[in-house]
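Please put together the full structure from these sequences, using the hints given.
10 protein chains.
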Amino acid sequence: MKFLVRLTTTFPAGLSDDERARLLAAESARGRELVAAGTIEHLWRLPGRLANVGVWSVRDADELHAAIASLPLWRFMDVRVEALASHPLTEGAAEPLASQPAAGGAVDSR
Amino acid sequence: MKFLVRLTTTFPAGLSDDERARLLAAESARGRELVAAGTIEHLWRLPGRLANVGVWSVRDADELHAAIASLPLWRFMDVRVEALASHPLTEGAAEPLASQPAAGGAVDSR
Amino acid sequence: MKFLVRLTTTFPAGLSDDERARLLAAESARGRELVAAGTIEHLWRLPGRLANVGVWSVRDADELHAAIASLPLWRFMDVRVEALASHPLTEGAAEPLASQPAAGGAVDSR
Amino acid sequence: MKFLVRLTTTFPAGLSDDERARLLAAESARGRELVAAGTIEHLWRLPGRLANVGVWSVRDADELHAAIASLPLWRFMDVRVEALASHPLTEGAAEPLASQPAAGGAVDSR
Amino acid sequence: MKFLVRLTTTFPAGLSDDERARLLAAESARGRELVAAGTIEHLWRLPGRLANVGVWSVRDADELHAAIASLPLWRFMDVRVEALASHPLTEGAAEPLASQPAAGGAVDSR
Amino acid sequence: MKFLVRLTTTFPAGLSDDERARLLAAESARGRELVAAGTIEHLWRLPGRLANVGVWSVRDADELHAAIASLPLWRFMDVRVEALASHPLTEGAAEPLASQPAAGGAVDSR
Amino acid sequence: MKFLVRLTTTFPAGLSDDERARLLAAESARGRELVAAGTIEHLWRLPGRLANVGVWSVRDADELHAAIASLPLWRFMDVRVEALASHPLTEGAAEPLASQPAAGGAVDSR
Amino acid sequence: MKFLVRLTTTFPAGLSDDERARLLAAESARGRELVAAGTIEHLWRLPGRLANVGVWSVRDADELHAAIASLPLWRFMDVRVEALASHPLTEGAAEPLASQPAAGGAVDSR
Amino acid sequence: MKFLVRLTTTFPAGLSDDERARLLAAESARGRELVAAGTIEHLWRLPGRLANVGVWSVRDADELHAAIASLPLWRFMDVRVEALASHPLTEGAAEPLASQPAAGGAVDSR
Amino acid sequence: MKFLVRLTTTFPAGLSDDERARLLAAESARGRELVAAGTIEHLWRLPGRLANVGVWSVRDADELHAAIASLPLWRFMDVRVEALASHPLTEGAAEPLASQPAAGGAVDSR
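Protein chains in written order, with the working numbering: chain A, 1 to 110; chain E, 111 to 220; chain H, 221 to 330; chain W, 331 to 440; chain B, 441 to 550; chain V, 551 to 660; chain U, 661 to 770; chain P, 771 to 880; chain S, 881 to 990; chain X, 991 to 1100.
Since the hints were derived computationally from the structure, they do not count as laboratory data. C-beta: ideal position from N, C-alpha, C; glycine also. There could be a bad hint or two in this list.
[As the list claims (entries may be wrong)] Across the chosen pairs, the derived CB separations fall in these ranges: (1) W/Ser400 / P/Glu803: 48 to 56 Å; (2) E/Phe121 / W/Asp408: 50 to 58 Å; (3) X/Pro1002 / S/Asp897: 36 to 44 Å; (4) H/Arg300 / X/Ala1026: 47 to 55 Å; (5) V/Ala616 / E/Phe121: 51 to 59 Å; (6) H/Asp298 / W/Thr340: 26 to 34 Å; (7) W/Ala366 / X/Pro1002: 40 to 48 Å; (8) V/Ser566 / P/Glu803: 37 to 45 Å; (9) X/Ala1016 / U/Arg735: 18 to 26 Å; (10) U/Asp677 / P/Arg845: 49 to 57 Å; (11) E/Ala176 / H/Ala249: 31 to 39 Å.
Structure, rendered in structure tokens:
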């Protein structure tokens, strides 16, 4: 299952710079693990904001919750989750999208 | 430049089934062209809704407008667009994400 | 996977009473099939509105989309979908909830 | 009467880890009691968020208020409540849904 | 059980004046019945709008749904429903509010 | 003039239990006065929330402001106010609603 | 009593130019009457929109409803109403605002 | 130019009563100056809230910003501003509204 | 005075292609006039949508209303208007922004 | 690429006047650099609010993020970003808008 996950971080006012640096280092390490494990498949920054949007690939909603809750900054995050279904134009795409015959799908037949 | 594009289609009440079928076939053909051209990089259905969300890769906002406006169903679509920046954990990823050293980034340092 | 699904129907102004009756009968038959198949696990009316909320149990978001899109009234529905994770207080409950030891979970440790 | 109840917890910034642990243990114990009493009939986590959604079965809105207000974390919760009516497809279901004849109801006749 | 019910009517553009008059007369008759039956306990107009807000007294959400759905104008209404609990300052008030001792309640202890 | 008034209280994080108890007692006393004076005509709790909704009867908006601002918890309240007009089905009701002839009004003729 | 009233008109698509002109003339005549009667005390256009905002002076919400509902374009209007209280800086101002001693009020002590 | 200005004040939790009194006195003095100068033309309280709405008359948006930013409570205010155009029914009204011929305007021709 | 103006066009379903083409040509001609007159100072498309955002320079809100209402497509437009004040970093800029000394302003001192 | 950027600053309650002054001076200096570099092309204040709206010209969303994140007040800002496409009426305008022939574009053909 894939999910579109939107994470927005708001640091509390009183957080010291040291604690902030420690949290960011821990977050970076945990993020690398989730990318390496294939849990985070795609990740983009939302420009100008302390926020990202990504595609997470997990077995189900339980595994998704565990993965997000494992982030060191989770308690400072607003989290939005949307389940994603495959689209006829691109589903089953192990090879690059453009090289496969996109059966009967259509951008609009969502 | 990459954009997160959310397309929701609402057919007008009076559209005949024939016109609907004709539009869907045209939309499907145009969608395949945009996937083949690499303009639509990723595409997912939002389950239960006549809607999709995708990542479109274009030169700039002008090319994005031209691509979206070329969809035969465009006049029936509600369109939401968000510019995406690359994320330190995954940027520059020509090879699979997990195999590259993710420099100093962090999920939270968005 | 379980999903909380909220369906709100708005009939177009010009629909004849005959067509409405025909659609409702077809919807009723399809609804019984989805309940019988275990796809719709729980279903409640939202009082005063042409709307329901239910818990749908499916393999993944693709199957959810196919099930919802199979409803004869789908094209008149506004659909909201939320993925559900199991909760520590009730997960794995094949027998009635109250009879099992709810391990370490808590209502608040969501 | 059944209610769909959505609980979202936000801990205040200054709460110590000890106080948080003490509150979570108390919340867990109270949650088990409400499940055992049949007040909380169903409960799911909203993945990625400190939030749950459940179906609460009570005599009326007064009993619902008393039950929710008895949660040790109540003062940190945002609470949303919706009254639920029974649905023709599933009402009166003491036995499993699929085994009963669903009279004249329909998914759309909400 | 009491519910705060907010009804907003929007007539479709093409409705003839005759049909409108017929519907309003039927609505008026049905409204009188619901007031006479004690189902509608209080009713106020929202000034300037084709809308009212009222307190409906029913056995449960099923009876509330049946009562609202019995309105001849129901299919043109947007309906908002909120369950009401009794308040310590006024609960059990068979006699006028001001004459009873309001035990330990408070406006703020809601 | 009658107003529908919705009051939601949010206590600041640092308030001591003593101060909270003192405020609640003062609020309770003031609430009883407003009920006794006929200013608060009806009052209901919104179940699960630190909130109430009521019908306040005052000379005009100035008196309404003075009454609400006299609540000891006012500075912690979010306040929503809606002016209410009388409804043809129930206006002029000094005696119980059901016993009076509801002239030409209609639920929908709001 | 004074009310801040916001009126936004949306003409239905199929209205003929003749009917539109007839309605506008009738609306203009009725508007002049309401200004002459002192019901509409102030009136401004919201630039770029088919909308105005005004201060209406009436006995109570019933008279406000009657006045707004008397507009020939009422059935095409979205109407927002807010009750206004007098402000300490300007209340009792029969003479020009600047010439009177504004007692103990303050812009912020609203 | 006239602007509809809506000011809502939220005092920070920790403000001492002395500082609050000092700020309110300063605000009151500054408000009197703005009324005397003709900058604030009309001002009403929104009943039950620490908020007002007014009509401010200034040369342009720069002068409006300077006037609002000169309020001692500005840093605690949420500010909403809407530009106002004159309305055909009342424009050019140096004398009382009711005594002038309102040319061709209409309430609806906004 | 400058205003940020956001225009979104929605064509009615039944508009013929001929009428649409006629309207677009008229709109184009009127747009060129407003640009030539200096009324529209800047104009950008919102990509993917039938919408633009621009900076309009006018004497006051009355002239702004007249300019927007002169657009042949006005009756199909949703219009949002925000008054703009000059910013210390760029005000008084007759010559290119970068060549002038930006006095004491700051991006944040808005 | 051009972006419409809306920045709203909220200072934390406890910030000292010294720290505020230091931050504002730093922000002013950085703002001048971004204007001098041509990154900030246009900038306006939203009157009455600690907020501005501007047009930023950057290579892509990555450069936009870096520019916004370089503001000393960034951590206190709410940031809204919209990508802008060129408009047929004004695109390619190196010389003043009014002097160039605006090809086939139209205000409405966005």
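**Study point:** Range hint compliance [Cβ, E/Phe121 to W/Asp408, 50 to 58 Å]
**Key:** violated, 37 Å
Review point. So the hint says 18 to 26 Å: do the beta-carbon atoms of X/Ala1016 and U/Arg735 match that?
Key: Violated: the Cβ-Cβ distance is about 57 Å, outside 18 to 26 Å.
Review point. Regarding W/Ala366 and X/Pro1002, is the given constraint of 40 to 48 Å on their beta-carbon distance met?
Key: Between W/Ala366 and X/Pro1002, where Cβ atoms are some 45 Å apart, the hint holds.
Exercise for review: Can you let me know if the beta-carbon spacing of W/Ser400 and P/Glu803 is within 48 to 56 Å?
Suggested key: Roughly 54 Å apart at Cβ, these two residues keep to the hinted range, so it holds.
**Study point:** Pairwise beta carbon distance, H/Arg300 to X/Ala1026, judged against the given window 47 to 55 Å
**Key:** About 49 Å separates the Cβ atoms of H/Arg300 and X/Ala1026, which means 47 to 55 Å holds.
Check your understanding: Is the hinted range of 37 to 45 Å satisfied by the C-beta distance from V/Ser566 to P/Glu803?
Key -> About 40 Å separates the Cβ atoms of V/Ser566 and P/Glu803, which means 37 to 45 Å holds.
Check your understanding: So does U/Asp677 sit 49 to 57 Å from P/Arg845, Cβ to Cβ?
Key -> holds, 52 Å
Review point. Is the hinted range of 26 to 34 Å satisfied by the C-beta distance from H/Asp298 to W/Thr340?
Key: holds, 29 Å
Review point. Does the hinted range 31 to 39 Å hold for E/Ala176 and H/Ala249 at CB?
Key: Cβ of E/Ala176 to Cβ of H/Ala249: about 46 Å, so the range 31 to 39 Å is violated.
Exercise for review: Mind checking the hinted window 36 to 44 Å against the Cβ distance between X/Pro1002 and S/Asp897?
Suggested key: violated, 57 Å
**Study point:** Whether the CB-CB distance between V/Ala616 and E/Phe121 falls inside 51 to 59 Å
**Key:** With Cβ atoms ~55 Å apart, the hint holds.
Comparing the model with each numbered hint stated earlier shows that hints 2, 3, 9 and 11 do not hold.
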